[in-house]
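Asks: Listed here are the chains, written in short residue letters.
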Amino acid sequence: EAGVAQSPRYKIIEKRQSVAFWCNPISGHATLYWYQQILGQGPKLLIQFQNNGVVDDSQLPKDRFSAERLKGVDSTLKIQPAKLEDSAVYLCANSFTPYEQYFGPGTRLTVT
Amino acid sequence: EDQVTQSPEALRLQEGESSSLNCSYTVSGLRGLFWYRQDPGKGPEFLFTLYSAGEEKEKERLKATLTKKESFLHITAPKPEDSATYLCAVQGSYGGSQGNLIFGKGTKLSVKP
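Protein sequence lines, in the order shown, are assigned to chains D and Y. Sequence positions in the first sequence follow this note's numbering and run 273 to 384. Sequence positions in the second sequence follow this note's numbering and run 10 to 122.
Watch out, some of these pointers could steer you wrong.
[To be verified] Some chain Y residues near chain D, calculated using beta-carbon distances under 10 Å: (1) Val-13; (2) Ser-16; (3) Lys-51.
To be clear, the hints were calculated from the coordinates, so they are not data collected in a lab. Positions of the beta carbon are idealized from the N, C-alpha and C atoms, including for glycine.
Taking the hints into account, I'd like the entire structure generated from these sequences.
Replies: Structure, rendered in C-alpha cells:
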C-alpha cells in the first residue's frame, strides 16, 4: 500500500509571499488532516476533511491560511501572506478508521 | 482543556539499557491514546493505540501501557536504531478536540552503541 505523498519537501520563501503545499492521500482513506509542527513541538491540527467537507478548522488562521480537498482525494494547503512564525513542517495525515492516522513526510517551510 | 505532557524531554541510553518514557494526559472522555515514532526529516510513524486503562500492547522491543492518567512506553534492551523522537497523542470524545489528536512535545531518545 502506497503511503501519503506530499510536495514539495522543502520550501524557502520571504515573508508576505504566498506558498502552497500538496497532499496525495492513501487510496480509500476518507479522512484527511493538515498539521503544523513547529521545531521542538508536537504536531498541531490545522484542518480536518471528511471526503470533500471540512469537519474541523477551528485552529486554522483563516485570515492567511486556506485549504481545499479536490473530489475527496488530493488536498492543498495555502498560506498567503506568509509570516516568519509560519516556519514549520506541514504534515498531511490520512485515516481509514477514526483512530489511526498515517502521516506523510511533511513539507519543511522556512520563511525569511 | 485537553493536554498531553511527555517526560523526559530527552533520554540517552546505552545499547541494552532498558528504560521507560512517560506520557501524562488530561482529556474529556478518552477515545484513544496513541504512540508515534518520528525520525528526523520524516513524518510520525504509527506505533500503538490504547483504548482503556489496563491495556498493554507490544511490538518488538517496545511495550505500551495505559492507566487513567498516564501511559508508559517501555523500551527493553534498546538498539541504536531505536533512536528517534517518540510522540504521545490523545483523542478525546468531547469538546473542541473531539476526534482530533492532541500531541505532546515528544521524548527524544538516543541509544549509543
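Asks: Hints the structure violates: just list their numbers, smallest first.
Replies: Per hint list: single violation, 2.
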